[in-house]
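*Asks:* Quick mapping for you: the protein sequence lines, in order, are chains A, B and C.
Using the numbering used here, the letters of the first sequence map in sequence onto residues 1 to 199.
Using the numbering used here, the letters of the second sequence map in sequence onto residues 1 to 199.
Using the numbering used here, the letters of the third sequence map in sequence onto residues 1 to 199.
Hint data in this document are derived by calculation from the structure and do not stem from the laboratory.
Please note that the accuracy of each hint is not assured.
Claimed, not checked - Subject to a maximum C-alpha distance of 27 Å in a straight line, what follows is the list of computed DSS-like cross-link-like pairs (lysine-lysine): (1) C:Lys80 - C:Lys108; (2) C:Lys61 - C:Lys108; (3) A:Lys88 - A:Lys147; (4) A:Lys61 - C:Lys80; (5) B:Lys61 - C:Lys108; (6) C:Lys27 - A:Lys192; (7) A:Lys108 - A:Lys27; (8) A:Lys27 - B:Lys192; (9) B:Lys108 - A:Lys61; (10) C:Lys147 - B:Lys61; (11) A:Lys88 - A:Lys27; (12) B:Lys80 - C:Lys147; (13) C:Lys61 - B:Lys27; (14) B:Lys192 - B:Lys87; (15) C:Lys80 - A:Lys147; (16) B:Lys61 - A:Lys61.
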Amino acid sequence: MNLITFIDYAGTFVFAISGVLAGVERKFDLFGVFILGFVTAVGGGTLRDMLIGGTPVGWMKNEIYVYIIMAALPTCYVIKNTILELKKSFFLFDTIGIGLFTVLGIQKTLSFGLSPLIAVMMGVVSAVFGGVIRDVLSTQVPLIFRKEIYAFACLAGGVLYLVCDYFYTENFAIIVSILTVIVIRILAIRYKWSVPYNP
Amino acid sequence: MNLITFIDYAGTFVFAISGVLAGVERKFDLFGVFILGFVTAVGGGTLRDMLIGGTPVGWMKNEIYVYIIMAALPTCYVIKNTILELKKSFFLFDTIGIGLFTVLGIQKTLSFGLSPLIAVMMGVVSAVFGGVIRDVLSTQVPLIFRKEIYAFACLAGGVLYLVCDYFYTENFAIIVSILTVIVIRILAIRYKWSVPYNP
Amino acid sequence: MNLITFIDYAGTFVFAISGVLAGVERKFDLFGVFILGFVTAVGGGTLRDMLIGGTPVGWMKNEIYVYIIMAALPTCYVIKNTILELKKSFFLFDTIGIGLFTVLGIQKTLSFGLSPLIAVMMGVVSAVFGGVIRDVLSTQVPLIFRKEIYAFACLAGGVLYLVCDYFYTENFAIIVSILTVIVIRILAIRYKWSVPYNP
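Pulled out of the complex, with its shape left as it was, chain A reads as follows:
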């Protein structure tokens, strides 16, 4: 298992845990929290694959994602008392995860012969729409439409990935892209950046 695969799985796992915890907050039953963990973890990539069309969505052909999400359920039981202490590790994997999901979404979209603009859009969709679907299924206005700016972090990371991949190497591009997402997100939280739109 190389580093990219590890980050992919770790990101999926952390996303699933955050979805499960959202379900617990909403007092869902076991089925409800599993579905919420599932859509949070793979909902963005699933929407991307459905938009691109033509084949089964990614996790159908690679069951490991299903097992990772299932593993989030007992894990939340075990770590329930230490969840606050784990918050920093979670934030780290979550942020590395959205960076990587953006890159993987871009690569997959380009592999279908679609344009760089569409690829960057699908990268952002891969990274953030899991959370949108989670919120819609809980009948809450998607958080990312109001406060979180990590869609812009993904956008910046995605554009830099394309530029660096064009001029340098893929691995360098992936590192730059993920670091960009991490830095923007941390700065955004520290300095309370927001991107309002008030015409």
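For chain A, the structure is supplied; the task is to place chains B and C on it using the hints.
*Replies:* Showing chains B and C alone in chain A's frame:
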């Protein structure tokens, strides 16, 4: 028309009626109740087909489902005064329906070369996500995420279908699977089973 | 650029502006208003393409739609003070737009070898489901399920398109269809038509 086709159509019809009635409760107009009847009846199978990808979703290639759902609209007018008396028949067809939809969803997914695990998941999606989409379109938290346990009835029925189909015959597997769903659902309602998740 | 393309683009632009304004009302940030503009403009066609399956959805292969929707963001800034004066032009393009989207949806569906009934349904989906997705993403009950009757205007326009296309010419059918949608929608608003369903 063989028995499976009859149950499929009857299940679709009963699902559509339950969707139409949900729309009436929410004071939707004719278009709204039709859409709600439609997604309740075929939404689960539609989502399954969109996830599997590659071809138009099932009801597009077999208009009979559209006609069955249309027929639910005048039917609700006719039976409005006897709907309470019909409740038991409805419950029966609804439950047989989700059992059969689970099996049909599994069979369709396997026919695309996907794994038994994914097939069982798609069986459950076929059976229960029509109701999820109905609730989301009405901006209500999906009922099945909190109370109803029939997702687990479908899961049990789906697993037993695969086991019995492997060791015995398909027809036997279908009967066992549907009976399992019916029995679990009736017991769950009688004994108020629930599957909470409180870490 | 012929007349059909012009109406298509103008309709997309007006839909996007209405989505952006809906996002502003809900106090969404820049990302949120863009997504709401996007789904309002192309959500119906996107759902249609996902239901038909097999290829990337339309706007992925023709970036002009993405640029048109992006252009709605600065436009809303510029016109913010004159938006009420522009209301009539907007209504006109919006209504011509849903008429044309119905026709384009029908044509695309027929080109996949699907039946006229399914084609008319997909025409209506193309025209009105962008608004449904917009409302669901804002956790509001879709407006069109309760009040607006323009789904029926699209239905009438769609059926007339098929009839006129069969007996006369395509261009004549398009004109009749769009005029039908416009006339029904204007009459519906003036005389407060509604299509209740109260069994």
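*Asks:* List, from low to high, the hint numbers that the structure doesn't satisfy.
*Replies:* Hints 1, 4, 7, 10, 13 not satisfied by this model.
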